[in-house]
Amino acid sequence: MTTPLFTVLLPVVRTPELLPYAVESVLAQTEPRFELIVIGDGAPPETIACAEEFARRDARVSVRPFPKGERHGEAHRHAVLGSARGSLVAQSADDDLWFPDYLRELAALLAEVDFGNLLTSLLKPDGTVVTLPGDLADPRWRQAMVDRRWTSFGPSTAGYRIEAYRALPVGWSPAPTDMPTDVHMWRKFLSAPGLRVGTRFAVESIGLPTPPRVGHSLAERSAEAAAVSRRIATEEGRRALREAAVHGLQREQADSFWAREDLMAAYEHTRGAYEHTRGAYEHTRGAYGRARAEVERSASVAAAALAEVERLRSSRSWALTAPLRGAAGLVRARLGRD
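All the letters of the sequence shown, read from the start, carry residue numbers 709 to 1046 under our numbering.
Worth flagging that the hints you see were computed from the coordinates, not collected in a lab.
Among these hints, one or two may not hold up.
Stated by the list, open to error - So the derived label-pair ranges between C-beta atoms look like this:
| id | residue 1 | residue 2 | range |
| --- | --- | --- | --- |
| 1 | Gly-750 | Val-854 | 30 to 38 Å |
| 2 | Arg-993 | Ala-900 | 41 to 49 Å |
| 3 | Arg-979 | Gly-902 | 21 to 29 Å |
| 4 | Ala-757 | Arg-812 | 43 to 51 Å |
| 5 | Pro-833 | Gly-750 | 52 to 60 Å |
| 6 | Asp-834 | Ser-791 | 41 to 49 Å |
| 7 | Val-954 | Arg-722 | 28 to 36 Å |
| 8 | Pro-884 | Pro-920 | 24 to 32 Å |
| 9 | Pro-808 | Ala-852 | 44 to 52 Å |
| 10 | Arg-848 | His-984 | 48 to 56 Å |
| 11 | Gln-851 | Arg-722 | 31 to 39 Å |
| 12 | Arg-1000 | Pro-847 | 54 to 62 Å |
For glycine and all other residues, C-beta sits at the position ideal for the given N, C-alpha and C.
Let's have the full structure, built from the sequences with the hints guiding it.
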């Protein structure tokens, strides 16, 4: 048997309505050297049967059923990677669809780095596409992923070299309940000394995530996945999805740009108000200074006058003229009676 270039993991937990579309998008890869391992994380028997049907049709597919594991069954992924035959590892999900060149693009990235990602593009129920920004080559993005419970890509657009994974002290393991599974794993890679990381700016997949589809039946979601699969099967359909993905990224950048512009306008307005207030303050401060100087001058004059009065009262002449001041007082009193 030919040694595969890729080991592709596809964990699944729910009923099989979406699984065929995800598996078929893997089997349609232009890079055919892969093994696809469907990991049943407590998946129901009908899901395992669906996966086993693909395994009967294509020798590259195998199925590993497990009881439901802790959290998202991360330990099952680690167990499967213990016997992985590919030198490179990729992962998909039953609600993700790969374009035919996905593995080819990921292989080009992993020829240069040990851990990295392609761009993540998510199709919303209204037909718009959201593309997550991010670049692992930028240390600010890496630090944000280490410091925050946040990532710009999930497992279905990530890849890594198997030797880099096996060199980690701990591989896939149950994440803390307050942390996303992928963030928990990516931090292990990003904390590994000397690991080469990077992002390839290629849109080679489309995600149909569950959160914005809460309330949609699995039949509705299956019909949507079938329609998107038909688009992916044609060059024109892939081009349209890529254009929508780029538009989504441009829209994100435009939103950020105008948010910055609004902040700058608010800053300039606040700065103008501050300068006006500061001018009024300086004017008031000047008037206060002048008034205070006048008060201090008047106080100085009053103090000088009081000192002069005290000096006169303590003088010999003041004592000698005391009888005269007394007589003058009597005269004024008598004149007042007359």
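Verification of the hints:
Take Gly-750 and Val-854: their Cβ atoms lie about 31 Å apart, and the range 30 to 38 Å holds. The hint said 41 to 49 Å for the Cβ distance between Arg-993 and Ala-900, and at roughly 60 Å that hint is violated. A C-beta distance of roughly 46 Å is found between Arg-979 and Gly-902, which places it outside the suggested range of 21 to 29 Å. The hinted window of 43 to 51 Å between Ala-757 and Arg-812 is violated, with their beta carbons roughly 31 Å apart.
Against the hinted window of 52 to 60 Å, the Cβ-Cβ separation of Pro-833 and Gly-750 comes to about 28 Å, which falls outside the hint. Asp-834 and Ser-791 have their C-beta atoms about 43 Å apart, which keeps the hinted 41 to 49 Å range intact. As the Cβ distance of Val-954 to Arg-722 is approximately 31 Å, the hint placing it in 28 to 36 Å holds. Pro-884 and Pro-920 have their C-beta atoms about 25 Å apart, which keeps the hinted 24 to 32 Å range intact.
Checking the proposed 44 to 52 Å range against Pro-808 and Ala-852 shows it is violated: the Cβ atoms sit about 32 Å from each other. Between Arg-848 and His-984 the C-beta distance comes to about 37 Å, which lies outside the given range of 48 to 56 Å. Checked against the given bound of 31 to 39 Å, the beta carbons of Gln-851 and Arg-722, roughly 35 Å apart, stay inside it. For Arg-1000 paired with Pro-847, a C-beta distance near 56 Å keeps the hint of 54 to 62 Å intact.
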